[in-house]
Every structure is written in C-alpha cells, then in structure tokens.
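Visitor: What follows is the residue order along each chain.
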Amino acid sequence: MNPSEYPLVGRYVYLRPIENRDYEVIQRSELAGTTALLYRHYGTTPSPDHFVSSLWSGVLAQYMICSIHSNAPLGMATCYGADMKNGFAYLAALIFAPYRRQAFVHEGIELFISYLWRAFPFRKLYAETIEPNFSKFSSVTDIGWTVEGRLSDHQFVNGQYVDKVILSLTREHWSERLTASSPRSGLLERVRTLENGSSILENRNTT
Amino acid sequence: MMSAAKPPSPILGSECFVRVFREYFDFGYVDLGSRLAEDLAMDSIMMVELLLFLEELAERPLPDQLLAEIKVVSDIFHYYQLFSSQNHPEA
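Chains F and Z are the protein sequences, given in the same order. Letter by letter, the first sequence follows residues 1 to 207 of the working numbering. Letter by letter, the second sequence follows residues 1001 to 1091 of the working numbering.
Calculated directly from the structure, the hints in this document are not laboratory data. Warning: the hint list may mix true and false statements.
[Unchecked claim] Covered stretches of chain F (chain Z as the covering partner; in silico rule of three or more C-beta atoms under 8 Å from a C-beta of chain Z): (1) 146 to 160; (2) 184 to 192.
[Claimed, not checked] Which residues of chain Z face chain F? A partial, calculated answer using Cβ under 8 Å: (3) Leu-1012; (4) Glu-1015; (5) Leu-1052.
Idealized CB from N, CA, C, for every residue including glycine.
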C-alpha cells in the first residue's frame, strides 16, 4: 500500500485504517509481556472473537501507525467514547513494544490528534491511564496535556492498587503546542540534558 | 530592546556521546568504530530515529540519502559536532 494514498501522512509515519491482517499483530502486542497487565485488558485473555469486537467497542475512529520507510506497523491510535453534544472524546494509543523508545513514532499520535480536531467539533480530548504507565510519558504535560483528575488506588494492576490518571487536551492548548518548538527526538533530549548538565558544572567551576 | 542571550551549551565529547547513544538504543558494547548495520543491527526504524535526531540538530529537513552515508557511530558524532557548531557557533 502506498502511504501517499492516505491523507494522514507525516515526515516519518502515516496512518491507515485497520485491516483484518492487523488483528493478530495488535492482539499479540496487547496480550504479551507487561502490556497484558498494564493495558486495556488488564490481565484478562479475551477470546479471539471477543478481542476483535472489543477493539471496536465505542470507537469513533481508529488507525494503524505505520513507518513510511518500511510500511511496518508501529502502533495504533483510537478515538472512543465520543460525546458530540458536549464536545469531548477519549484518546488511546498503543505503540508496539519494539518501538516505544523511538520518539518519532509519536508523530503518528500527533497526526491522529490533528485529524480529530479537523474531523469533529470536539472541545477536549481525554486520555485515561494508570500510574505505572503515566510515569513513562508524564512529559505530555509539557505539550499541552493537563492532569484533570486522579482516582487514588483505583485499580488493581500487577499485584497492587494504583492510581488512575485522567488527562485532558483542549483544542486551544493543541494549537499553542503546534506553534511551540520543542525537540521530539528522544535521543536529542538526552543529549541536551547532558549538555545542560555540563554547562551547569562548568558555571559552578568558574564561580 | 535586547534580551539576554542564553549561553550556548557545550558539545559533548565523543566518549559521553557514545555512552548516551548506547544507553538510548539499549545496545551492549558500542564504540566510535561500531558499524550501525553489521555490529549493532540497527533496523530502518532506528535509522529514522537517527534522521529525526540529526534534523532537529540541523534545524532543517535533511535528505534521506544522508542516512545512506552514515555507516559507523563516528559518522553520527561527526554530524552532531557539525550541526551543533553551525547552529551554536560559540559552543
């Protein structure tokens, strides 16, 4: 499939509708390793039929995130629980395990969010997560997401009760985020952190 | 009105850069001579991450062919130094 056939094309990734052949990849990713405990099914193992139906339950829009260079599926993004009267919906995203450290994959989520603002008259998007997952991407608060709520010890996950965190992103904050310039390369962020650390040390040594 | 310019950050040395690179990609042993494909088995997805890294350093889009010229870790370090010094000449 030629990525240029889809309007949702970025610099590194593109979005395409989910196809039957994707179900196996998604199921393997969702039900393997720690993801099985920390993501949507939280330790349960749905039957293949139920898995597919649950994948579409309450879904408004859902896309696979694929590499432009290799066409490999890297993850998926979902909009569900849409409330058109009140102008909000929920966003979920799953990056497949081998690619979670690759910051450019998150361009797919940005493409998806931009698509949602264009296609639907939402005021806000919500994302729900649990504390062990939130700590891995808490930097989203730097790019417009706000923690709106926290349900203490809400959910039993991986041997303990953990908080559920509810995040929101408004259309206005997203527009501001698009005009902001922040590095998206995880590698560059780490390099910059060390560079700044060196700078602080040098300043200390010279004062 | 002139605002106080933020002082440029120093460029990392090769040893430090290699360590960050190794930790970021979860590699075992890496040195400047490590070959990206043969020694580190970097796949196309990892190479795109490198392209993003270099583009953000360069502050402009780079041709995909640039990736084809990058064979070993020292090539990445070379571009890191080059783009850092171009955009922050006093660093």
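Visitor: Just pull the numbers of the violated hints for me, sorted ascending.
Guide: 1, 4
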